[in-house]
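Colleague: Assemble chain G onto chain A, guided by the hints.
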Amino acid sequence: MEIELRSPDIIMKLSRLGSFHQSKLSFLRSFLKEFKDWEYKRDLFDLDKLGHGIAIYSFKKDDRVYSLICFANELNENERSDRVIATKWDAAFTLHDGIPTNKDIERLKNEVPKQEVGRLSYKELTLSRANKSVRVFNHVVDSLSEGVQPDIKLLSKVGYLYRTTAVYGSGKFGLADRFRIKNRAEIYGPFRLEMMLVYLVRQFTFDQVNHVAKNKNPKKAVNLDLEICRNLGIGNSTGLGMAPFIVNHPTLLNNWIYAREMALKKIREIEKVKVENVNLFKTCLKKSIKNITSWNTESEYQQKKIKSLLSDLEIFINFIENKFNFSKKYAFNEIYLWLEKNSCEECIEYIVSLMLEPFDEIVNPLISKMSSEEEKYFNIPTHRTIIELKNILENKYSKILKIDFLKKENNQNFWFISKNKEEPRLADRYIENGSELEQPLAIARDIKKLYDKLSVFKNSSTIDKFLSKCPELRHVVRRAFIVERFPYSEIQDNTIGNSIVPIDMLRLKLSFFGALKFDPRSDKWLRICMFQGAPLPEQLKNYDDYWVYNSIN
Amino acid sequence: MKSLSEIETVSKRSSRASGFSWGIAEEVGKNIRILEMFGIAGIKNLNYYFKMRSEKKFEDLILIGKDNKISKLEICPIIAGLSFLDQIKPLEKLSEIKFEKIAFPLLFLPFVSRASEIVGKKLQLEIDKKIFLLNYNNSIYSNSLNNGVIEVGNNILIKFIENNDSFNKNEWKEIYKLSEETFVEENENLKINSAGAGLTDND
Chain A
801 MEIELRSPDI IMKLSRLGSF HQSKLSFLRS FLKEFKDWEY KRDLFDLDKL
851 GHGIAIYSFK KDDRVYSLIC FANELNENER SDRVIATKWD AAFTLHDGIP
901 TNKDIERLKN EVPKQEVGRL SYKELTLSRA NKSVRVFNHV VDSLSEGVQP
951 DIKLLSKVGY LYRTTAVYGS GKFGLADRFR IKNRAEIYGP FRLEMMLVYL
1001 VRQFTFDQVN HVAKNKNPKK AVNLDLEICR NLGIGNSTGL GMAPFIVNHP
1051 TLLNNWIYAR EMALKKIREI EKVKVENVNL FKTCLKKSIK NITSWNTESE
1101 YQQKKIKSLL SDLEIFINFI ENKFNFSKKY AFNEIYLWLE KNSCEECIEY
1151 IVSLMLEPFD EIVNPLISKM SSEEEKYFNI PTHRTIIELK NILENKYSKI
1201 LKIDFLKKEN NQNFWFISKN KEEPRLADRY IENGSELEQP LAIARDIKKL
1251 YDKLSVFKNS STIDKFLSKC PELRHVVRRA FIVERFPYSE IQDNTIGNSI
1301 VPIDMLRLKL SFFGALKFDP RSDKWLRICM FQGAPLPEQL KNYDDYWVYN
1351 SIN
Chain G
0 MKSLSEIETV SKRSSRASGF SWGIAEEVGK NIRILEMFGI AGIKNLNYYF
50 KMRSEKKFED LILIGKDNKI SKLEICPIIA GLSFLDQIKP LEKLSEIKFE
100 KIAFPLLFLP FVSRASEIVG KKLQLEIDKK IFLLNYNNSI YSNSLNNGVI
150 EVGNNILIKF IENNDSFNKN EWKEIYKLSE ETFVEENENL KINSAGAGLT
200 DND
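Chains A and G, in that order, give the protein sequences. Counting in the numbering used here, the first sequence runs from 801 upward without gaps. Counting in the numbering used here, the second sequence runs from 0 upward without gaps.
Okay, chain A solo, but in the shape it has when bound (with noise of 0.2 angstroms):
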């Protein structure tokens, strides 16, 4: 039975691209799954009593080494801040290509903590910098310092000791462009060397805050237990930087997207599902409920997701136990088919990361496809026709065309790139200044310009003709021609109306990335926790694939 990939029209609207979980696509369990036979090393480890000084940490396989190099610094608890407006932070990282000589550690000594401000080198691949969760990392130091174990419940509902609060690459600041290393089999895979570096880090503030209590109370002090470690992830507060990443970036998008539709496609078209399958797909769903339950957030918004996913599940579970046949044809096609008729958005795309468990041979080969060669995509084929673009315009993007502009409402806002800190930003165009700079992130408008200013040029006339009359709709001619061929690469919505809730946008890309526990602090930014039940690196070699489902928090 062939089953229809299914439609952009559904999956691409930002409300349910905002429901999107981790599955085994997510690139922080691909990459630990990549890295899992690599010798992971501490290679120092010079900190002061309070923690403060220099560790580095590594990656080595054959001639290939990566090293984490981590600089701790003192701060003032007035100067601790996540908003991207800071300017010092408890800790910062880096991570270099090769093992670093005295001399580059002197180097990133004097950048690395300056962050934005600060110059690195093609040596170097990723930046981040990090703020603890101060109750939770004095709390555990107490309790460690005195020979207990620290309060598992505090730990459960904060999840990690360390929150970082931006991860860079890809050529910020200096740092290594992708060309440079894009040939690497080991990263083959989105943001490899991000998970790397947060996947490290997260090491570092375990042996951090067990050398501080060690020094705190030499006698008495104990090491953190591991299994206490293992549940313990790392925090993330991100901001509005990550949404226009989306769009500005699209054939990446697609290649995401698709992976995740080629996946569940073939799923549903399995015919007789084998019994292990089933019994690892309800297994994993099972287990997972705790993720759910221990998902704490303050927002009414994700409360309210979450209670209907809770419930929604609740009867899902009660379905496939009670009155469903894994036994009949195509049984997760009719699963499929019964969630899309009784449940939320949440729930639905709940159950399709969960069904993607199960099935090794068909989801591995779909995680080195996640990439893209975007340069490949750029240019615009200006020989081809009017009524092609336009019958792009009416096949891809039917729902934008149909959304009037003129209202208020549907051009409320406008996304610009503050000048302080070179970040995007969203604001009310009717309110704030700025407008007349606007980024070219109003993609459903801009279509729609385009498609009303094609209708007085002949059918017959080709594309380059068109551009040089109109060179402001230049930008959207192209992705016109992108999603013609990659049909998940556009969000299928209106960016600047006013009912736009931007985090969709970013547990998007989070989700992709593996986040759990995504807790919006308004409707720009949110916190979540990453490799939260990761095996640690020493345990790497022998880790469970399912671990993200084996956490005890």
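I should point out that these hints are in silico values taken from the structure, not numbers from a laboratory. Ideal Cβ positions, reconstructed from N, Cα and C, are used throughout, including at glycine.
Derived DEER-like restraints, expressed as beta-carbon distance ranges: (1) G:N134 <-> A:K1199: 42 to 48 angstroms; (2) A:K1128 <-> G:T181: 55 to 61 angstroms; (3) A:P1165 <-> G:L177: 39 to 45 angstroms; (4) A:H1183 <-> G:L156: 20 to 26 angstroms; (5) G:N134 <-> A:Y1101: 50 to 56 angstroms; (6) G:E179 <-> A:E1194: 54 to 60 angstroms; (7) A:K861 <-> G:M36: 27 to 33 angstroms; (8) G:T181 <-> A:N1259: 52 to 58 angstroms; (9) A:H1049 <-> G:N162: 32 to 38 angstroms; (10) A:Y922 <-> G:L156: 36 to 42 angstroms; (11) G:L177 <-> A:N1259: 56 to 62 angstroms; (12) A:V1301 <-> G:L156: 53 to 59 angstroms; (13) G:D59 <-> A:Y922: 33 to 39 angstroms; (14) G:L156 <-> A:K1199: 45 to 51 angstroms.
Modeller: Only chain G this time, still in chain A's reference frame:
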């Protein structure tokens, strides 16, 4: 050292700030990245060009023909380059294209380089006495290693290089013969048993 990613982003934004549309600014960003990657002074030329744009006017060349001479004004390298790139399919029929007075012609060059990739032919760009051979946007060969600013190209010529061999039949024959020394002479038995296909191919 600035990364190519930074170079592309800043070139794009500065182009937008200079009055080009976002779509054109994206093209300029990509082009300056290409120039800098090939070791040509992209940022330097772009910077000077934008300074000049605030002082004097340039002509936008929209329709490219065989001979492109226009008014007394110098031609904007970005609009001319974009027109050349966008019209490359019909222009391919011409074997040579001439231009006069293109301002900052190194900014025109990456459009020609990208056009070379689109038509699948090497293009030779002559800017006065400087020659650049553009190889499918994969590399640039040039007799000019001057890494500075060229303010104007008075006579510019683009030649489409047909996909012909750079060697004669005899040279190929000789080198091929030498390569044959890596082959094994097949006896009758090998002919029958060593190939994968059947002996009768016409069934």
